[in-house]
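Novice: Here's the letter readout for the chains.
2 protein chains.
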Amino acid sequence: MSEEYITIDAARLENYAFEMLVGAGVPMDRAALVSRSLVEANLRGVDSHGVQLLNFYIEHMKQGCMDLHTSGSIVTESGGCMTYDAENGIGQVISDICCDHAIRLAKENGIALVTVRNSNHFGAAAFWSQKIARAGLIGMTMCNATPLVPPWQGKEPRFGTNPICMALPGAPETGWLLDMATTTVAMGKIFKANFSGEPTIPAGWAFDSEGTPTTDTQKAIKGMPMPLGGYKGSGLAFMVEILVAVLSGGAMSTEVGGVRIRTRPMRCGQMFLGIDVERYMPIEVFNARMEQLIGLVKATPAAPGYEEVLVAGEPEWRHARHRRLHGVPLSKGVWENLARTASIVQAKPPAVESQKL
Amino acid sequence: MSEEYITIDAARLENYAFEMLVGAGVPMDRAALVSRSLVEANLRGVDSHGVQLLNFYIEHMKQGCMDLHTSGSIVTESGGCMTYDAENGIGQVISDICCDHAIRLAKENGIALVTVRNSNHFGAAAFWSQKIARAGLIGMTMCNATPLVPPWQGKEPRFGTNPICMALPGAPETGWLLDMATTTVAMGKIFKANFSGEPTIPAGWAFDSEGTPTTDTQKAIKGMPMPLGGYKGSGLAFMVEILVAVLSGGAMSTEVGGVRIRTRPMRCGQMFLGIDVERYMPIEVFNARMEQLIGLVKATPAAPGYEEVLVAGEPEWRHARHRRLHGVPLSKGVWENLARTASIVQAKPPAVESQKL
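Which chain is which? The protein sequence lines are W and E, in order. Read in order, the letters of the first sequence are residues 18 to 374 in our numbering. Read in order, the letters of the second sequence are residues 18 to 374 in our numbering.
No lab work stands behind these hints, which were simulated from the structure alone. Wrong hints could be hidden among the right ones.
The list makes no distinction among identical chains, and a pair is therefore deemed to hold if it is satisfied within one copy or across any two copies.
Said to hold, decoys possible - Dumping the calculated EDC-like pairs for lysine to aspartate or glutamate here, alpha-carbon to alpha-carbon at most 16 Å: (1) K315 <-> E173; (2) K124 <-> E94; (3) K206 <-> D64; (4) K239 <-> E324; (5) K209 <-> D233.
No experiment lies behind these values; they were computed from the predicted model shown.
Take the sequences, apply the hints, and build the full model.
Specialist: See below:
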């Protein structure tokens, strides 16, 4: 099934996002940060965390569900530990500040963990781990999210997709970068199977609405995503919830709202961890060891049906290289939704040409 | 299929393990620690990490592959960061020392990460996270292990089962405890399916020896375990490898030996992380919040086919309660193997009665 797409240069897309956010009342420096974080996700091929989120963000902003001006505040700071209250600020603004705290505290103490409450959607976790990594640290990011996923053996949602993300210092285009939801696949893959007319999805992806595992695409889209690999994914989601919500004193599990829930603040929790590699070994040695390990893993003979072994982050860097040169493709549907949102905030969509992909 | 079992009181089993280790030349305080760590795993129902490991441990010791007397040494210590060289010491001895360092450094700095190289098998990760947790900290433990698992899309082993483990402060019998390999299931479950005469195993458990996913039990036992949920499990195993092997300066991937490899040291890497909860909130508040979250998750209505929702660690605590009262069941095969090892080190098996389970 073919679908109509537009393709747009990343810088123009970022500027469009910026103008929409400014139109929604976001101060200019903050609008620049949010638009950069979203377009960065599009560049990496993670379109679920790209500019299509603006429709939800701006709706939340217009409803008065988010404080566009607060910078949040430190609740406690002690050694490498900090609790931060986002005060319902913009997720990216809070995350930027909290990554700076994590970097500062990790440089002072060798390792630091900043846990954040009362925050909002921060885009893709990778953006923040990468910020920490650029300071010469191992960066880890986690967050909770709208409850969509049942605990194993349960049939009602209790956890979000609660991602685990780690980025490493070193050249940004040659490294390793993990950013994974603790579900087998994102809901987006199930929606895509439906859109593509696939009657079935692989086992292990989803439950129906009654909590029974299903491979029926139609039942899955009305159902719930499955925790990664079953009970272990449930355990990982719970681990994330502890570090971002129990420890932060923030909203837990069903107390968390969501970007698609219009009437109340999201109140999600986030966690930023920095590890100062230089306390363990010179960064050049660490990078050389990573290069050796990546080389060893990539040299694994490919299993039947595959051409090569990829390491975490590699597909996204390939996307980024291609999209920086050739522009970001967005489905016609996403583009038109953005245009509707743009009209509400008096922003003007840039001219683009549509094409079949 | 029924199997012959013996049942033995935990204290007697621990004493038997202790005598075997002393017979193998392990100093008494060290033998006590190792035997306690193994029997603790048996009590929790994690028999793969219980006394059956003694057969391998003692073989390694007799081959001179392990240094029974070293306590290892600090390579670097700075802020909350430490690199430790196990100097091929007993895994449990090194882990006990490194947990103490993690506790001390976390109390001083709020959070601490001790990474260890040149170590040996440390039993179950849970034992060490729980030790850190008893000091009032969130405890995390990871390790690498014998390469058995192919990276996703590859067909030769590059990673061990590389577990992720987290334990929490609070009453030991009421909490939450995650200890999971980053494969879908342990090899033991595949061996058990074979032993029980099951012709097939669930999809997602294993590859055949050529790296093709299989549900054929016979092909699976000659094959390789699958990373948890596919490519994401591969990413998690790699994350563990970075924290325990790249960062420690130790053996990586195929450089790691194993308890079943007789001719050379294991050289595995380990990591112990402590987070001082009191830097974030009073421990009583943290515990009350955990109780609330566990209650919320356990109150989830059960999915079809299940009676209740369990949280991580709950099945193991149930085992422990039962086995403390009624003894530890061990298969006749394991018991006889132990007796053979005992005869090599001049230890005398305690009298037990066999029964059908």
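Novice: Work down the list of hints and note, for each, if the structure agrees.
Specialist: Verification of the hints:
1. K315 <-> E173: Intra 40 Å, inter 11 Å, cutoff 16 Å: inter-copy only.
2. K124 <-> E94: So K124 and E94 pass the 16 Å test inside a copy (15 Å) and across (14 Å) alike.
3. K206 <-> D64: Only inside one copy: K206 and D64 sit 12 Å apart there, 38 Å across copies, limit 16 Å.
4. K239 <-> E324: neither (35 Å within a copy, 23 Å between copies)
5. K209 <-> D233: Answer is within; shortest intra-copy Cα gap is 13 Å, inter-copy 31 Å.
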